[in-house]
Structures are given as structure tokens and as C-alpha cells.
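*Asks:* Residues per chain are reported as follows:
Number of protein chains: 2
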Amino acid sequence: MNKSIQILKTEAKILQANEFYADKVRDMLSKSNTYCVNLISSPGSGKTTLLVNTLHQISDAIACAVIEGDQQTSNDARRISKTGVPVIQVNTLQSCHLNADQILTCLNELPLHDIDLLIIENVGNLVCPASVDLGENEKIVLLSITEGEDKPEKYPLAFSEANAMLLTKIDLLPHLKFDIAQCEKSARSVNGNIEIIQTSSFESNGLDKWIQWLKNRIRAK
Amino acid sequence: MNKSIQILKTEAKILQANEFYADKVRDMLSKSNTYCVNLISSPGSGKTTLLVNTLHQISDAIACAVIEGDQQTSNDARRISKTGVPVIQVNTLQSCHLNADQILTCLNELPLHDIDLLIIENVGNLVCPASVDLGENEKIVLLSITEGEDKPEKYPLAFSEANAMLLTKIDLLPHLKFDIAQCEKSARSVNGNIEIIQTSSFESNGLDKWIQWLKNRIRAK
Numbered sequence: 002m003n004k005s006i007q008i009l010k011t012e013a014k015i016l017q018a019n020e021f022y023a024d025k026v027r028d029m030l031s032k033s034n035t036y037c038v039n040l041i042s043s044p045g046s047g048k049t050t051l052l053v054n055t056l057h058q059i060s061d062a063i064a065c066a067v068i069e070g071d072q073q074t075s076n077d078a079r080r081i082s083k084t085g086v087p088v089i090q091v092n093t094l095q096s097c098h099l100n101a102d103q104i105l106t107c108l109n110e111l112p113l114h115d116i117d118l119l120i121i122e123n124v125g126n127l128v129c130p131a132s133v134d135l136g137e138n139e140k141i142v143l144l145s146i147t148e149g150e151d152k153p154e155k156y157p158l159a160f161s162e163a164n165a166m167l168l169t170k171i172d173l174l175p176h177l178k179f180d181i182a183q184c185e186k187s188a189r190s191v192n193g194n195i196e197i198i199q200t201s202s203f204e205s206n207g208l209d210k211w212i213q214w215l216k217n218r219i220r221a222k
Numbered sequence: 002m003n004k005s006i007q008i009l010k011t012e013a014k015i016l017q018a019n020e021f022y023a024d025k026v027r028d029m030l031s032k033s034n035t036y037c038v039n040l041i042s043s044p045g046s047g048k049t050t051l052l053v054n055t056l057h058q059i060s061d062a063i064a065c066a067v068i069e070g071d072q073q074t075s076n077d078a079r080r081i082s083k084t085g086v087p088v089i090q091v092n093t094l095q096s097c098h099l100n101a102d103q104i105l106t107c108l109n110e111l112p113l114h115d116i117d118l119l120i121i122e123n124v125g126n127l128v129c130p131a132s133v134d135l136g137e138n139e140k141i142v143l144l145s146i147t148e149g150e151d152k153p154e155k156y157p158l159a160f161s162e163a164n165a166m167l168l169t170k171i172d173l174l175p176h177l178k179f180d181i182a183q184c185e186k187s188a189r190s191v192n193g194n195i196e197i198i199q200t201s202s203f204e205s206n207g208l209d210k211w212i213q214w215l216k217n218r219i220r221a222k
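Those sequence lines, one after another, are chains L and H. All residue numbers for the first sequence refer to the working numbering, where the first residue is 2 and numbers rise by one. All residue numbers for the second sequence refer to the working numbering, where the first residue is 2 and numbers rise by one.
Bear in mind the hints are in silico, worked out from the structure with no lab data behind them. Quick caveat, the model's predicted, so the values are computed rather than measured. Wrong hints could be hidden among the right ones.
In this list, chains with the same sequence are indistinguishable; a pair is considered to hold if it fits within one copy or across any two.
Using 27 Å as the maximum straight-line C-alpha spacing, the simulated BS3-like pairs for lysine-lysine come out as follows [claimed, not checked]:
1) Lys178 / Lys216
2) Lys222 / Lys178
3) Lys178 / Lys32
4) Lys178 / Lys25
5) Lys210 / Lys178
6) Lys210 / Lys83
7) Lys32 / Lys222
8) Lys186 / Lys83
9) Lys25 / Lys83
10) Lys83 / Lys178
11) Lys25 / Lys216
12) Lys25 / Lys210
13) Lys222 / Lys25
14) Lys32 / Lys186
15) Lys25 / Lys186
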């Protein structure tokens with residue numbers, strides 16, 4: 002086990018108390034001037050890969066930290082730690098999403114006043130994390146083009162709560178029946194203001210656009 | 002809207018009561034000699050496509066019915082209804098999984114004594130549906146090879162509860178970094194008895210194996 006990775010194993014406290022902890026998280030982030038995004042998607046949509054690629058590009062200029070949520074394993078934290086960015090792995094055990102009290106516990110373990118950008122990678126679940134306030138500045142939803150065009154309408158909350166949708170694995174387009182215009186229409190039908198950015202772990206264009214969007218959001222906070 | 006599709010919109014009753022309804026479902030299925038499987042996976046792993054292909058192959062010989070679970074839309078029920086098999090769409094709204102009381106409501110709408118095989122397609126969510134007893138005979142988990150090898154260890158409950166794992170979208174293997182042996186090892190580390198079947202919507206070999214496995218289970222009940 003890499004010593005730079007901390008692992009927090011905790012059953013989430015009950016949801017009714019979540020808003021209390023989310024407000025505390027918001028307050029701490031505000032005082033330390035740390036911008037916080039919460040990445041939400043199905044398992045395997047490419048959150049960790051996007052995160053690793055993003056950190057490689059920005060962590061020299063922007064002080065980052067990462068909180069990884071998974072029911073079990075520290076696989077993702079191990080991948081993140083190779084970028085040199087501080088990371089805390091939260092194992093949620095039976096819980097299907099991160100809760101704000103877990104984020105608060107993590108904040109107390111991080112040098113928050115030295116961190117400009119905190120990225121939370123939520124548990125792989127397109128449904129439940131969307132309804133849970135972690136005190137973040139914004140939610141970002143990822144949708145892999147292998148998942149089908151109609152997911153925004155079938156599971157609308159993640160797409161209505163998010164300010165941006167990253168459409169991932171665009172490089173697989175030649176091998177799939179996937180209609181990008183139809184998917185974008187589906188997303189915009191539940192959130193007319195959503196920013197849509199196409200990305201691929203094998204092409205840099207989309208990554209550059211995503212990073213620029215993220216930098217603009219940090220600047221505008 | 003196709004008149005053969007029924008849509009049930011309901012907020013799920015509280016989980017504590019679930020076991021009461023699951024027992025009632027089990028009792029009804031037993032009395033009508035109907036075999037029931039509950040398909041669980043992330044959104045977009047290919048449950049509906051597998052189901053359509055399966056129904057085309059077996060519904061002449063085996064009387065089938067389908068219950069479709071999604072938070073919103075009747076897209077999947079529309080696809081199923083084209084096979085001629087009776088289907089009920091349950092829109093779970095805020096709920097992230099089907100509950101047994103919803104299945105019970107559906108059973109009262111179906112000619113159960115004429116149905117040999119009832120297939121439930123749960124809400125697209127690899128996490129939450131795994132912990133909910135619907136009164137089914139068995140759970141089947143689907144994992145698309147686009148989702149990564151380590152998902153069984155990261156989200157173990159679905160894989161420990163299921164009797165079979167269908168590894169879907171095998172045709173995409175040449176375009177991905179995916180190690181099948183590693184994924185099978187991950188699945189077997191959480192469930193030593195799990196049957197693993199590779200499938201693709203573009204190749205018939207895996208589908209035949211899955212259908213034979215399913216027929217054997219129905220016969221052995």
C-alpha cells in the first residue's frame with residue numbers, strides 16, 4: 002500500500018443530517034478559497050482516467066487534491082497518487098454514494114488553505130449521488146458513449162443537477178451505434194443550460210476544452 | 002404510445018416493508034410455476050438489448066413476460082413490446098431500484114399462470130438493486146467490458162448476490178484495454194461459484210450459451 006494514500010472506511014451517517022455537514026463543508030471551502038467539483042457517473046464511464054489526465058495537465062499550475070469514493074478497494078486512489086496529487090480514498094461499504102460528513106472528515110485531513118481545486122470522484126452510480134449535496138461548488142456528470150443516447154431522460158436528476166456533461170470515450174464512436182446529436186438533445190431536454198464537452202482519453206482536443214472550462218469556473222468563483 | 006405497454010408510476014414504499022412483499026411475490030410465482038430472474042447492471046450495459054435478443058430466440062417455446070424498471074421514460078418497454086412479449090414499465094421516479102411491492106402490483110396485472118419465465122430488468126444501477134429482494138428466483142448481473150475489469154471488487158454485492166455474470170459487448174474487445182481473465186478473477190474473488198458467460202449483441206455464440214444456461218435453470222427449478 003502506497004503510504005501517500007489515506008483510506009477512510011466509514012458507514013455514512015444518516016441522510017437527514019447530510020445538509021448540516023454539507024453546510025460545514027461549504028463554509029470550510031469558502032474560507033480556504035478552494036473550488037470543489039463533484040464528478041458523478043455510472044461505474045466505468047471514465048471518471049478516474051479523465052481525472053488522471055486532467056491532473057497531469059493542471060497540477061503544476063493549480064494546487065489540487067482528490068477525494069475518491071468507492072464501496073471497496075483503493076484502486077482509484079492508487080492511480081491518482083501516481084500523479085503526485087494528495088488523495089484520500091473513502092470506502093463507503095454498503096452506501097451507494099458519498100455523504101457530506103465523509104467529505105468533512107476528509108477536509109480535516111487535507112492542507113485546505115494550500116489547495117485551489119478539490120475534485121471529488123463519487124461512487125460509480127448515475128442515480129443516487131445526484132441527490133446528495135456534498136457542499137461542492139458544482140456537480141459534473143460523465144456519460145460514456147457506450148451507455149446509450151437516452152440516459153439523460155431515463156435518469157434525469159444527475160443531468161439536471163450538473164452544470165456540465167462530459168461525453169466520454171468519443172474515440173469508440175466508429176464502433177458503436179450512437180447518435181451524439183440525439184444524446185445532446187436528451188441532455189438539453191432535462192437541462193437547457195448544460196455545457197456539453199466531448200472527451201476521449203486518447204485525444205487531447207476534448208481534454209483541453211474541459212480544462213479551459215474548469216479554469217474559467219475557478220476564476221469566476 | 003403502444004397500447005400493449007402498461008406504465009406504472011409509483012414512489013416505492015419504504016424498504017422495511019420490502020421483505021413482506023417479496024415473500025408474497027415468491028408465493029405467487031411458486032403457485033403459478035413461473036421462473037423469475039432479476040437483471041442488474043449499470044446503465045447502458047446492454048440489458049435491454051440482451052433481453053430483446055433473448056426473447057426473439059425463446060418466446061415461441063417459452064411463455065415470457067417482462068417488467069421494465071427505469072426512473073423515467075418507457076423507452077425500454079417500447080423496445081420489448083416489439084417482440085410481442087407482454088411488458089409492464091415501472092417508472093420508479095426518485096427511487097434508484099425496483100422494490101418488491103412494485104413487482105407485486107405488476108404480477109396482479111399479468112396472466113401469471115400462463116407465464117413460464119418472468120424477466121425483471123431493474124433500474125440501471127450496479128449498486129442499490131443488489132441489496133433488494135424482489136422475490137425472484139435469481140439475480141443475474143451484467144458487466145460491459147467498457148466498464149473496466151475491477152468493478153466486481155469495487156461494487157461486490159451485485160456479484161456476490163448473482164448466480165451468473167454476463168460479460169457484454171465482447172465485440173468491442175479489439176478497441177479497448179480490457180483483460181477478460183483479470184475481470185473473471187475479480188468476479189470469482191467475490192463469488193467463487195458465479196457462472197460467467199461472454200456475450201455480444203453482434204455474435205450468437207454467447208447468446209446461445211446464455212439461453213442454454215437459462216433453460217437449464219428453468220428446468221431444474
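*Asks:* Does the structure break any of the earlier hints, and which numbers would those be?
*Replies:* When the structure is compared with the hints, numbers 1, 2, 3, 4, 9, 12, 14 and 15 turn out to be violated.
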